[in-house]
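This is what each chain is made of:
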Amino acid sequence: MAGAYATFTHITDYMGFEGLLTEEERMIRETARKFVNAEVLPIIEKHAQDQTFPKHLIPKMGELGFYGPSLPEEYGCMGVSNVAYGLLMYELERGDSGLRSFASVQGSLVMWPIYAYGSEEQKKYWLPKLAAGEKIGCFGLTEPDFGSNPGGMLTKAVREPGGKWRINGTKMWITNGTVADVAVVWAQTEDGIRGFLVEKGTPGFSAPEMKGKWSLRASTTSELVLEDVIVDEKASLLPNVKGLKGPLGCLTQARYGIAWGALGAADACYQCALDYAKSRIQFDKPIASFQLQQEKLAWMVTELTKGQLLVHQLGRLKDAKTYTPAQVSMAKMNNVNVSLEICRKARTILGANGILDEYPVMRHMANLESVYTYEGTHDMHTLVIGQEVTGIPAYR
Amino acid sequence: MKILVALKQVPDTETKIKVAADGKSLDPADVKWITSPYDEYALEEAIRIKEGKGAEVMALSVGGDTAKDVLKNALALGADSAVLLKGDGQGDAFAVAQMIAAYAKDKGFDLILCGNKGLGGDNAAMGPMLAELLGVAQANVVVKLELGEGTFKAEREIEGGSEVVEGALPAVITAQKGLNEPRYASLKGIMAAKKKTIEELDAAAVTAGAQVSALALPPERPAGRLLQGDAPAQAQALLQALKDEAKVF
Numbered sequence: 001m002a003g004a005y006a007t008f009t010h011i012t013d014y015m016g017f018e019g020l021l022t023e024e025e026r027m028i029r030e031t032a033r034k035f036v037n038a039e040v041l042p043i044i045e046k047h048a049q050d051q052t053f054p055k056h057l058i059p060k061m062g063e064l065g066f067y068g069p070s071l072p073e074e075y076g077c078m079g080v081s082n083v084a085y086g087l088l089m090y091e092l093e094r095g096d097s098g099l100r101s102f103a104s105v106q107g108s109l110v111m112w113p114i115y116a117y118g119s120e121e122q123k124k125y126w127l128p129k130l131a132a133g134e135k136i137g138c139f140g141l142t143e144p145d146f147g148s149n150p151g152g153m154l155t156k157a158v159r160e161p162g163g164k165w166r167i168n169g170t171k172m173w174i175t176n177g178t179v180a181d182v183a184v185v186w187a188q189t190e191d192g193i194r195g196f197l198v199e200k201g202t203p204g205f206s207a208p209e210m211k212g213k214w215s216l217r218a219s220t221t222s223e224l225v226l227e228d229v230i231v232d233e234k235a236s237l238l239p240n241v242k243g244l245k246g247p248l249g250c251l252t253q254a255r256y257g258i259a260w261g262a263l264g265a266a267d268a269c270y271q272c273a274l275d276y277a278k279s280r281i282q283f284d285k286p287i288a289s290f291q292l293q294q295e296k297l298a299w300m301v302t303e304l305t306k307g308q309l310l311v312h313q314l315g316r317l318k319d320a321k322t323y324t325p326a327q328v329s330m331a332k333m334n335n336v337n338v339s340l341e342i343c344r345k346a347r348t349i350l351g352a353n354g355i356l357d358e359y360p361v362m363r364h365m366a367n368l369e370s371v372y373t374y375e376g377t378h379d380m381h382t383l384v385i386g387q388e389v390t391g392i393p394a395y396r
Numbered sequence: 001m002k003i004l005v006a007l008k009q010v011p012d013t014e015t016k017i018k019v020a021a022d023g024k025s026l027d028p029a030d031v032k033w034i035t036s037p038y039d040e041y042a043l044e045e046a047i048r049i050k051e052g053k054g055a056e057v058m059a060l061s062v063g064g065d066t067a068k069d070v071l072k073n074a075l076a077l078g079a080d081s082a083v084l085l086k087g088d089g090q091g092d093a094f095a096v097a098q099m100i101a102a103y104a105k106d107k108g109f110d111l112i113l114c115g116n117k118g119l120g121g122d123n124a125a126m127g128p129m130l131a132e133l134l135g136v137a138q139a140n141v142v143v144k145l146e147l148g149e150g151t152f153k154a155e156r157e158i159e160g161g162s163e164v165v166e167g168a169l170p171a172v173i174t175a176q177k178g179l180n181e182p183r184y185a186s187l188k189g190i191m192a193a194k195k196k197t198i199e200e201l202d203a204a205a206v207t208a209g210a211q212v213s214a215l216a217l218p219p220e221r222p223a224g225r226l227l228q229g230d231a232p233a234q235a236q237a238l239l240q241a242l243k244d245e246a247k248v249f
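Residue numbers (the numbering used here), protein chains in the order written: chain S, 1 to 396; chain V, 1 to 249.
Bound-form chain S, shown alone (with noise of 0.2 Å):
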């Protein structure tokens, strides 16, 4: 039966899927699927009880090339598609939201804006070292009173002399926070937004930890508060972009990943459920049998295909340079959404044993809460789309 444990060795595929992939990109998904079902599905319910996150596994996450994979070789990456890149985030999430959390914040929050908008120097000494899972980092946009809204941010950073800049500012929800060596910062500036490089143990820089979430447990979530904190603009002022756009694009790429990685989750779920399904006894035979359940497996596997297929198709976009961030907002917010009625109705499925921790689907539901809000909330990508159709945003 499907416990917490259960090493299922199949992705879903209902529709060919992974005739749809290249060797490598197939090859890069079994060494992710293996790596989590050996290192993660046997550790992951007691980190989640636990409220910790799974440290130990950085450093071989790093090894295997996890950590912002599309970027060039030259900087200690790997180069490798943006499917590629997502099919890695999938199995991640099947092991959990928590880990996928991490290396998405690591590669697509933290490399790809130092690799965008970064000096050559900061991409010599910063991508090397993250890739390699050596140094960890974290991303500060949000603020208590600023979610949806980051342009209206309040952390404010200015020039002060000898090539110097002084910030101020706290930021809210960030995950890695605490443990990060570097952060991200994003601030207001006379010149508009602009991005900081802050690093652990800089005077008036500190990460408290958050701690009593129902979800994400097994990740690490922070306050950056930063108090008058100095640092070198040549070290630390990411040069190459002004304005908003420059951590809207970031959350782009992190966004891309999410579409992926959630459906991750949602496979872990629905391989369960119907698992369970199909063991269960109920009046003589199993619950698999009877059409309300039927009902909801074909819903779930109806998702999860669609789900496979539109992410594929925006991740060929991607490695085609031609895609667009509202096409990537609507596989955020249509991919969580059915991942997290996937793991819902896996749950009802289960029964009352789906609320234990003997069985995955529970902690993947409650990670996909945070999800469905996280990057850019459900209602907020719905109304991109609304706005790429009709040409008129609703939200201003």
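Simulated from the structure, these hints should not be mistaken for laboratory data.
Computed from a predicted model, the values in this text were never measured in an experiment.
A few of these clues could be false.
Simulated DEER-style distance windows between Cβ atoms [unchecked claim]:
(1) S:G351 to V:K16: 52 to 60 Å
(2) V:S162 to S:L309: 51 to 59 Å
(3) V:L26 to S:E295: 34 to 42 Å
(4) S:A394 to V:K195: 30 to 38 Å
In silico DSSO-like links for lysine-lysine, alpha-carbon gap of 30 Å or less [claimed, not checked]:
(5) V:K188 to S:K34
(6) S:K242 to S:K321
(7) V:K32 to S:K34
(8) V:K105 to V:K195
(9) S:K34 to V:K144
(10) V:K24 to S:K124
(11) S:K60 to V:K144
(12) S:K60 to S:K278
(13) S:K278 to V:K16
(14) S:K164 to S:K242
(15) S:K321 to S:K124
(16) V:K188 to S:K60
(17) V:K50 to V:K196
(18) V:K177 to S:K34
(19) V:K105 to V:K18
(20) V:K16 to S:K129
(21) V:K105 to S:K34
(22) S:K60 to V:K194
(23) S:K321 to V:K188
(24) S:K123 to S:K234
(25) V:K188 to S:K55
(26) S:K124 to S:K234
(27) S:K321 to V:K16
(28) V:K18 to S:K285
(29) S:K245 to S:K234
(30) V:K32 to S:K164
(31) S:K306 to V:K196
(32) V:K86 to V:K194
(33) V:K16 to V:K32
(34) S:K60 to V:K53
No residue lacks a Cβ here, since even glycine has one placed at the ideal position from N, Cα and C.
Please build the complex by placing chain V on the supplied structure of chain S, with the hints as guidance.
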């Protein structure tokens, strides 16, 4: 040092095995193929020797086109080159041993590694046969391997204990679980494997030592029987059944 690692492609343990219409072979539809886990230990050992003292590692498989996946995976894990001997890799162990021996005999391999058995077939015959055909030393079911200058020292599992054997290279060593902990293919290795090619050769024509005449799934287990009554009554019923039905007394 030149190392050859022989890898067999086998059905994944989760695959629901079906017998093909001929009644003698596996139905390949819906089979997910993997590298036999014992061969993974063999490959890992070869890569560790390469990393430790330097070696050239060649991966080899006998089979059809699907067996290329096993070789691609070996290249991603660190094998330097790969060769596919096109032939029936699922067939008789003696036939496979002859095909590999015909390929390997004049290539100057110092060490040939493979699993102590192929998962599923469980013949545990190919490795020893290969050593005999090549006329080289062998150690089987090995859980620890040390190499000296032209020599090997292998700890092998035997009934109720372990045995240490020493010998001269070249040799065939067959790997057992415990020899090492195989690594995962890294993304770097997978991308590097893209640039390596698999050499494809026709396997030597050989005569099999045995033919499969029939292949059948084990009979389905009948439903269990629940004994009724209190403990003495159940014990009495059990004794009766063992005597009259199972006839163990």
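For the pair supplied as a hint, V:K188 and S:K55, is the alpha-carbon distance within the 30 Å limit? holds, 22 Å
For a C-alpha distance cap of 30 Å, please report whether S:K60 and S:K278 respect it. violated, 36 Å
Can the restraint linking S:K278 and V:K16 be considered satisfied, given a maximum Cα separation of 30 Å? Distance of about 15 Å is within 30 Å: holds.
For the pair we were handed, S:K306 and V:K196, check the Cα-Cα distance against 30 Å. violated, 35 Å
Take the C-alpha atoms of S:K164 and S:K242, compute the straight-line distance between them, and say whether it is at most 30 Å. The hint holds at about 18 Å.
Hey, S:K242 versus S:K321, does the alpha-carbon distance stay inside 30 Å? holds, 22 Å
Within a Cα-Cα threshold of 30 Å, do V:K188 and S:K34 meet the stated pairing? holds, 16 Å
Distance restraint evaluation - S:A394, V:K195, Cβ atoms, bounds 30 to 38 Å: With a Cβ separation near 50 Å, S:A394 and V:K195 fall outside 30 to 38 Å, so the hint is violated.
Holds or violated: S:K124 with S:K234, Cα cutoff 30 Å? holds, 14 Å
Would you mind confirming whether the straight-line C-alpha gap from S:K34 to V:K144 stays at or under 30 Å? holds, 25 Å
Is V:K18 within 30 Å of S:K285, Cα to Cα? holds, 25 Å
Is it true that the CA of V:K16 sits at most 30 Å from the CA of V:K32? holds, 10 Å
This entry does not satisfy hints 1, 4, 10, 12, 19, 20, 21, 27, 30 and 31, going by the numbered hints stated previously.
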